[in-house]
Amino acid sequence: MSVIAIKTLLFSVLREKIGAEQVTVRLPTPATGADLLDALSEAHPQLVPYRQVIRLAVNEAYAEADVPLQEGDEVALITPVSGG
Amino acid sequence: MTELDSRSVKTEKVWIGLEQQALAVQPAADFLYHGNAGGVCLFVGTTRRWTDDAETVELEYEAYVPMALKEMRRLADEAARRWPVVRVCLLHRLGVVPVAEASVVIGVATPHRAEAFEACRFLIDTLKQTVPIWKREVFADGRTDWVQPGNS
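Protein sequence lines correspond, in order, to chains A and B.
Each residue of the first sequence is one higher than the last, beginning at 1 in this note's numbering.
Each residue of the second sequence is one higher than the last, beginning at 85 in this note's numbering.
If you are wondering where the hints come from, they were derived from the structure by calculation, not from laboratory data.
Just so you know, even glycine gets a beta-carbon here, dropped at the ideal spot from N, CA and C.
Where hints are given, some of them may not hold.
Claimed, not checked - No more than 30 Å apart at the CA atoms, straight line, and that leaves these computed lysine-lysine pairs for DSBU-like:
id, chain 1, residue 1, chain 2, residue 2
1, B, K97, B, K154
2, A, K17, A, K7
3, A, K17, B, K212
4, B, K212, B, K97
5, A, K7, B, K97
6, B, K154, B, K212
7, B, K94, B, K212
8, B, K154, A, K7
9, B, K154, B, K94
10, B, K154, A, K17
Unchecked claim - If we take Cβ atoms under 8 Å as the criterion, some of the chain A residues that face chain B in the derived model are:
id, residue
11, A5
12, F11
13, S12
14, V25
15, L27
16, E60
17, P68
18, Q70
19, G72
20, I78
21, V81
22, G83
23, G84
Unchecked claim - To give a feel for the contact side, a few chain B residues facing chain A, derived at Cβ under 7 Å:
id, residue
24, G122
25, G123
26, L126
27, V128
28, A224
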């Protein structure tokens with residue numbers, strides 16, 4: 001079993017709740033976006049109320065939770081956007 | 085929040101920008117005017133003071149910059165597929181936007197006005213749903229709130 005380290009970016013309310021702009025999530029492979037969210041939720045329970053409204057982005061594009069992750073991917077947690 | 089330099093992409097047809105400074109409408113208009121277009125539709129979103137009984141002092145915008153630029157470019161490209169777009173411009177301000185100042189300038193130039201109105205409407209409506217930019221509202225009573233879509 002190998003482990004990958006995924007750089008995960010946080011913005012707006014999640015950035016405030018967790019207190020960081022970026023966290024590194026270590027996951028056993030094979031790993032998906034959902035696995036990343038599970039791991040992050042366990043480490044940071046403040047995330048749990050937002051789980052249902054978080055969209056994932058992988059390498060600057062929206063992705064479904066079942067997306068496979070690999071070493072070097074950049075993930076971002078996107079809560080409901082409010083530009084404009 | 086991290087300090088950002090302005091970020092922009094400009095081609096002959098498309099101008100996308102994320103700016104820390106106040107947005108100027110005239111440069112956007114100048115970019116959009118073109119001999120192949122008969123209509124330019126420009127939308128400017130500004131910070132509004134009142135929402136029901138709550139008084140806003142300022143809005144503060146944050147973005148996932150590289151992805152926001154990509155999504156804005158994707159929107160411009162989609163508008164150009166659906167309407168005969170001659171020029172298109174999407175500019176969003178980041179950081180603090182005080183009351184009555186512009187947070188977003190969206191414009192499109194097309195041969196006829198019906199297409200310009202439709203494309204412009206599509207661009208602002210879709211930007212508000214998909215582009216990774218968030219706003220935090222600072223109220224007169226000192227409260228702050230990350231805005232949830234549906235009440236902006």
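Cross-check of the supplied hints:
1. B:K97 - B:K154: 16 Å, holds
2. A:K17 - A:K7: Since the Cα atoms of K17 (chain A) and K7 (chain A) sit roughly 18 Å apart, the hinted pair holds (cutoff 30 Å).
3. A:K17 - B:K212: 23 Å, holds
4. B:K212 - B:K97: 22 Å, holds
5. A:K7 - B:K97: 35 Å, violated
6. B:K154 - B:K212: 15 Å, holds
7. B:K94 - B:K212: Holds, at about 21 Å.
8. B:K154 - A:K7: 19 Å, holds
9. B:K154 - B:K94: Within the cut-off at roughly 13 Å; holds.
10. B:K154 - A:K17: Holds, at roughly 27 Å.
11. A5: Given a least distance of 20 Å, the restraint on A5 (chain A) is violated.
12. F11: Cβ of F11 (chain A) sits 6 Å from chain B, so the hint holds.
13. S12: 4 Å, holds
14. V25: Since chain B brings no Cβ nearer than about 17 Å to V25 (chain A), farther than 8 Å, the hint is violated.
15. L27: 21 Å, violated
16. E60: 4 Å, holds
17. P68: Violated: closest Cβ of chain B sits about 20 Å from P68 (chain A), beyond 8 Å.
18. Q70: This hint is violated: Q70 (chain A) lies away from chain B, its Cβ roughly 19 Å from the closest one there, beyond 8 Å.
19. G72: 15 Å, violated
20. I78: 5 Å, holds
21. V81: 6 Å, holds
22. G83: 3 Å, holds
23. G84: 4 Å, holds
24. G122: Since the shortest Cβ distance to chain A is 26 Å, the answer is violated.
25. G123: 22 Å, violated
26. L126: Since the shortest Cβ distance to chain A is 14 Å, the answer is violated.
27. V128: 10 Å, violated
28. A224: At 20 Å from the nearest chain A Cβ, A224 (chain B) fails the 7 Å test, so the hint is violated.
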